[in-house]
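**Student:** Residue numbers for the sequence shown follow the working numbering, so the first one is 1 and each next one is one higher.
Hints listed in this document are in silico derivations from the structure and should not be mistaken for laboratory results.
Careful, some of the hints might be misleading.
As the list claims (entries may be wrong) - Here are the simulated lysine to any residue pairs, SDA-like style, with alpha carbons at most 20 Å apart:
(1) K113 / D73
(2) K152 / H107
(3) K113 / L46
(4) K152 / R224
(5) K113 / E55
(6) K113 / W78
(7) K152 / G70
(8) K113 / K152
(9) K69 / A30
(10) K132 / H107
(11) K152 / T49
(12) K207 / E188
(13) K207 / R224
(14) K113 / G89
(15) K132 / S147
(16) K152 / L227
(17) K207 / D184
(18) K152 / R104
(19) K113 / Q142
(20) K69 / S3
(21) K69 / Q8
(22) K69 / L10
(23) K152 / R226
(24) K113 / R182
(25) K113 / H50
(26) K113 / E134
(27) K152 / M220
(28) K113 / A133
(29) K113 / S147
(30) K41 / D31
(31) K113 / H44
(32) K132 / R104
(33) K41 / N128
(34) K41 / A53
(35) K41 / W78
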Amino acid sequence: MRSFGQHQPLNRQSERYAREGIDLSPSTLADQVGACTAVLKPLHGLIETHVLAAERLHGDDTTVPILAKGKTDTGRIWTYVRDDRPFGGTSPPAALYYASRDRRQEHPERHLKTFTGILQADAYGGYNPLFKAERHCGPPTQALCWSHSRRKFFVLADIATNAKRGKNATPISPMALEAVRRIDALFEIERDINGLAASERLARRQKDSRRLVEDLEAWMRAERTRLSRSAPVADRSTTC
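Could you build all of it, start to finish, from the sequences and the hints given here?
**Tutor:** So, in structure tokens, the structure goes:
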């Protein structure tokens, strides 16, 4: 609890116990953590099997500080989420976590070595080998993420946060504001069809979302021609 719930290092826990007259060395505490890990490993294996059996996965990673000798390394927590509820599925949602000391592409390659469903993730290049046609078990289907594209525009359109930065604020971009508005219109449709059958979702997307996406592309291409290459929003529009 103190290690993972309160982020208290084992040496500090050992010192705290010592002040209360209890002799527990950091190595003993580390052995206990290892024993707990061994006990929980079968449960992690069951979660792993359930998540990786999904037809579709959402993948992402985030940084985490890892203590090393004389320094702190930037490690990664890799997360793969199975949640079929938005698609009318009944399987229990679950999240699968892996940890690594770096962000090398070998990690997602190992995590998803047999996955061939639909993978939704950001544009991190480490996923690219998974989508090669010559992959031993065949490539998964790539589904890009609107939220990641929106986030890049939102940074340039967040008036409230920018106001707090004072003199260091990034100028609010009218193009970014409009891009966020257009993407939010797509999100509103997705909220409406959340949980419906695939045929119903497809029909609604063809009826309403397709036109919005085509209009967004045409508008963005036109706006892109008017932008300086150095404009902050130019990189966002290229990514999207």
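**Student:** Are the hints correct? Go through all of them and say.
**Tutor:** Results of checking the hints against the structure:
no.	hint	verdict
1	K113 / D73	violated (26 Å)
2	K152 / H107	violated (25 Å)
3	K113 / L46	holds (17 Å)
4	K152 / R224	holds (15 Å)
5	K113 / E55	holds (15 Å)
6	K113 / W78	holds (14 Å)
7	K152 / G70	violated (35 Å)
8	K113 / K152	violated (30 Å)
9	K69 / A30	holds (17 Å)
10	K132 / H107	holds (16 Å)
11	K152 / T49	violated (34 Å)
12	K207 / E188	holds (14 Å)
13	K207 / R224	violated (27 Å)
14	K113 / G89	violated (24 Å)
15	K132 / S147	violated (24 Å)
16	K152 / L227	holds (16 Å)
17	K207 / D184	holds (17 Å)
18	K152 / R104	violated (23 Å)
19	K113 / Q142	holds (15 Å)
20	K69 / S3	holds (19 Å)
21	K69 / Q8	holds (17 Å)
22	K69 / L10	holds (15 Å)
23	K152 / R226	holds (19 Å)
24	K113 / R182	violated (36 Å)
25	K113 / H50	holds (15 Å)
26	K113 / E134	holds (13 Å)
27	K152 / M220	holds (14 Å)
28	K113 / A133	holds (14 Å)
29	K113 / S147	violated (26 Å)
30	K41 / D31	holds (15 Å)
31	K113 / H44	holds (17 Å)
32	K132 / R104	holds (17 Å)
33	K41 / N128	violated (29 Å)
34	K41 / A53	holds (18 Å)
35	K41 / W78	holds (17 Å)
Hints 1, 2, 7, 8, 11, 13, 14, 15, 18, 24, 29, 33, counting from the list given before, are not met by this structure.
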